[in-house]
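Using the hints provided, position chain E relative to the given structure of chain A.
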Amino acid sequence: MAVKLRTPLTEREVLKLKAGDLVYLSGVIYTARDLAHRKLLEKAPFDLRGAVIYHCGPIVQKESGRYRIVSAGPTTSARMNRHLEKILSMGIKGIIGKGGMNPEPFKEHRAVYFAFTGGAGSLAAKSVKRVLDVYWLEELGIPEAVWVLEVEDFPLIVGIDAFGNSLYSNPR
Amino acid sequence: MERAIFEAIKLAVTKIPDDVVKSLREAYEKEDNPVAKFNLENILKAVEIGKRERIPVCQDTGTVTFFVEAGIKSPYLREIEEVITSALEKATKEIPLRPNTLDVLTNKNVGNLPIIHWELAKGDKIRIAILPKGGGSENCSALAMLTPAESFEGVKRAVVDRVKECGGKPCPPVIIGIGIGGSADFALKLAKKALLRPVGERHKDKRIAKFEGELLEEINSIGIGPMGMGGKTTALDVKVEITYRHPASFPVGIVFQCWAHRKAFLEISANGEVRVWQ
Chain A
1 MAVKLRTPLT EREVLKLKAG DLVYLSGVIY TARDLAHRKL LEKAPFDLRG
51 AVIYHCGPIV QKESGRYRIV SAGPTTSARM NRHLEKILSM GIKGIIGKGG
101 MNPEPFKEHR AVYFAFTGGA GSLAAKSVKR VLDVYWLEEL GIPEAVWVLE
151 VEDFPLIVGI DAFGNSLYSN PR
Chain E
1 MERAIFEAIK LAVTKIPDDV VKSLREAYEK EDNPVAKFNL ENILKAVEIG
51 KRERIPVCQD TGTVTFFVEA GIKSPYLREI EEVITSALEK ATKEIPLRPN
101 TLDVLTNKNV GNLPIIHWEL AKGDKIRIAI LPKGGGSENC SALAMLTPAE
151 SFEGVKRAVV DRVKECGGKP CPPVIIGIGI GGSADFALKL AKKALLRPVG
201 ERHKDKRIAK FEGELLEEIN SIGIGPMGMG GKTTALDVKV EITYRHPASF
251 PVGIVFQCWA HRKAFLEISA NGEVRVWQ
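As they're listed, the protein sequences go chains A and E.
For what it's worth, the numbering used here labels the leading residue of the first sequence as 1, then goes sequentially.
For what it's worth, the numbering used here labels the leading residue of the second sequence as 1, then goes sequentially.
Think of the hints as simulated: they come from the structure by calculation, not from any bench.
All values reported here derive from a predicted model rather than from experimental measurement.
Quick reminder that beta carbons are idealized off the backbone N, C-alpha and C, glycines included.
Treat the hints with caution; some may be incorrect.
Away from chain E, derived, C-beta distances all over 12 Å, residues of chain A [to be verified]:
#  : residue
1  : K4
2  : E13
3  : L15
4  : K16
5  : L41
6  : P45
7  : D47
8  : K62
9  : R82
10 : K86
11 : E104
12 : K107
13 : E108
14 : R110
15 : D133
16 : V148
Here are the simulated EDC-like pairs of lysine to aspartate or glutamate, each with C-alpha atoms no more than 20 Å apart in a straight line [as the list claims (entries may be wrong)]:
#  : chain 1 : residue 1 : chain 2 : residue 2
17 : E       : K156      : E       : D205
18 : E       : K93       : A       : E63
19 : A       : K62       : E       : E89
Partial selection, computed: residues in chain A whose CB lies under 8 Å from chain E [said to hold, decoys possible]:
#  : residue
20 : T7
21 : G20
22 : L35
23 : P58
24 : Q61
25 : A72
26 : K126
27 : V134
28 : Y168
Bound-form chain A, shown alone (with noise of 0.2 Å):
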């Protein structure tokens, strides 16, 4: 099945997605790896309800005083699944990453986890539409930092639903 969503998502939305299906992604996500999750615990910018965060450390190019998305494939998921847990009872439906995670959170908050093919960075530049805002860029550096994308028909794959199902044989 292929479905067109927005963001922010509505539990309804998530409920109805299953592993497999493909999904393209329009509105606003949020990057994060491992040094954002630690300041997104502490606290939030944004309002995180319905939002998905994408594990990506993109690289990011300065012209004319605008930020510009050059590749932005996503990062190794599995590094980020020990804030897993508190990073979806903080409202979060949706985690776009590859190489999968934890099931069992995305079932018990009723979120789904979606798959981007890693190394695929300048293809998925292409779904990026413009730079909304970045945070933390000083301190964290650019693949650190969380940038704020607006993103049009993003294709996607549901790697793990909301039933708790997966794609993945070994998502450790």
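Only chain E this time, still in chain A's reference frame:
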């Protein structure tokens, strides 16, 4: 010379080499799992975009590793390390690359610093192999200190176990480099160097060639597939290199490389002429 090294880095990160692309196309052709097809199709699209627009295919332009074979009569020996470092700095700004070098104590991002492996050689040429290698695949590297009795069967078990353990993390389909013998440190270096051999090419020693083929077949029978989501191709190739070992030791270095197997080579002649290839 700095310009040539810059261009070689740019070639490596924006254009996936032909040998790798050929094996990715073959994997796409023989795949019938729809999710695996989705991933392989995205991979081939990303490869095309990188080449056409000359932008990094993967955002993780990695730790840029240089294998330098330095001819002892080359007039450029004194400057080459400095030139590599400044070319990488320029590449980071202009291509651009992702700044990927952090201070371990402060976590501060300091840009990109190279890892350079030196080897002395006869003659007056400097040969450099460039391997920008991402963190996802590098995190799956492993060292197995086997007992000599375990021998090649033990190698097979160690590699297959590691592939299963890593699943989708190293961005399969992967290329796996294996170094057998030497010491712990040397086995890992040999494994990484093995990745520089062309994908699809077997080792010139028939016994090792046979072992490479068997390992590849066994890895692809597990079904991890592209991105760990199931499918026929988990590895595009396996490369094995050997060296002598201590009677008590059987070290095995295992190094994973993602499908975005970026590499470039250059040769600097004594008269300053530079040749770059992939």
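Against the structure, the hints:
Look at K4 (chain A): its CB is around 16 Å from the nearest CB on chain E, clear of 12 Å, so calling it non-interface holds up. Its beta-carbon lying about 21 Å from the closest one in chain E, E13 (chain A) satisfies the requirement of being farther than 12 Å from that chain. The beta carbon of L15 (chain A) sits about 21 Å from the closest Cβ of chain E, which is more than 12 Å, so the claim that it is off the interface holds. No Cβ of chain E approaches the Cβ of K16 (chain A) within 12 Å, the least distance being about 19 Å, so the stated non-interface status holds.
A cut-off of 12 Å between C-beta atoms confirms that L41 (chain A) is not in contact with chain E; the least separation is 17 Å. Non-interface status of P45 (chain A) relative to chain E is upheld: no Cβ of that chain comes within 12 Å, the nearest being about 20 Å off. Every CB of chain E is more than 12 Å from the CB of D47 (chain A) (nearest about 27 Å), matching its label as outside the interface. A beta-carbon of chain E is positioned within 12 Å of the beta-carbon of K62 (chain A); the least distance is around 10 Å.
With a least CB separation of 15 Å from chain E, R82 (chain A) remains clear of the 12 Å interface cut-off, as annotated. The beta carbon of K86 (chain A) sits about 21 Å from the closest Cβ of chain E, which is more than 12 Å, so the claim that it is off the interface holds. No beta-carbon of chain E comes within 12 Å of the beta-carbon of E104 (chain A); the shortest separation is about 17 Å. Interface exclusion of K107 (chain A) from chain E stands, the closest Cβ pair being 19 Å apart, more than 12 Å.
The beta carbon of E108 (chain A) sits about 22 Å from the closest Cβ of chain E, which is more than 12 Å, so the claim that it is off the interface holds. Non-interface call for R110 (chain A) relative to chain E: holds, since the shortest CB-CB distance, roughly 22 Å, exceeds 12 Å. The beta carbon of D133 (chain A) is kept farther than 12 Å from every beta carbon of chain E, the shortest such distance being approximately 19 Å. V148 (chain A), annotated as away from the interface, keeps every beta carbon of chain E farther than 12 Å; the closest lies near 17 Å.
A C-alpha spacing of about 18 Å is found between K156 (chain E) and D205 (chain E), which places the hinted pair at or below 20 Å, so the restraint holds. Restraint check: the Cα-Cα separation between K93 (chain E) and E63 (chain A) comes to about 12 Å, which is no more than 20 Å; the hinted pair holds. Annotation: proposed proximity of K62 (chain A) to E89 (chain E) holds, straight-line Cα distance about 17 Å (limit 20 Å). Violation of the interface hint for T7 (chain A) is found here, the shortest Cβ-Cβ separation to chain E being roughly 21 Å, above the 8 Å cut-off.
The restraint placing G20 (chain A) at the interface with chain E holds, with a minimum CB-CB distance near 6 Å, inside the 8 Å limit. Nearest Cβ of chain E to the Cβ of L35 (chain A): about 7 Å, under the 8 Å cut. The hint holds. Annotation: interface hint on P58 (chain A) holds; nearest CB of chain E at approximately 5 Å, less than 8 Å. For Q61 (chain A), the interface hint holds, since its Cβ comes within 8 Å of a Cβ in chain E; the closest pair sits about 6 Å apart.
The beta carbon of A72 (chain A) comes within 5 Å of a beta carbon in chain E, closer than 8 Å, and the hint placing it at the interface holds. A cut of 8 Å between beta carbons decides the hint on K126 (chain A): the least distance to chain E is about 7 Å, and the hint holds. Look at V134 (chain A): its Cβ only gets to about 14 Å from chain E, farther than 8 Å, so that hint breaks. This hint holds: Y168 (chain A) has a C-beta 5 Å from the nearest C-beta of chain E, less than the 8 Å allowed.
The structure is inconsistent with the numbered hints 8, 20 and 27, although it conforms to all the rest.
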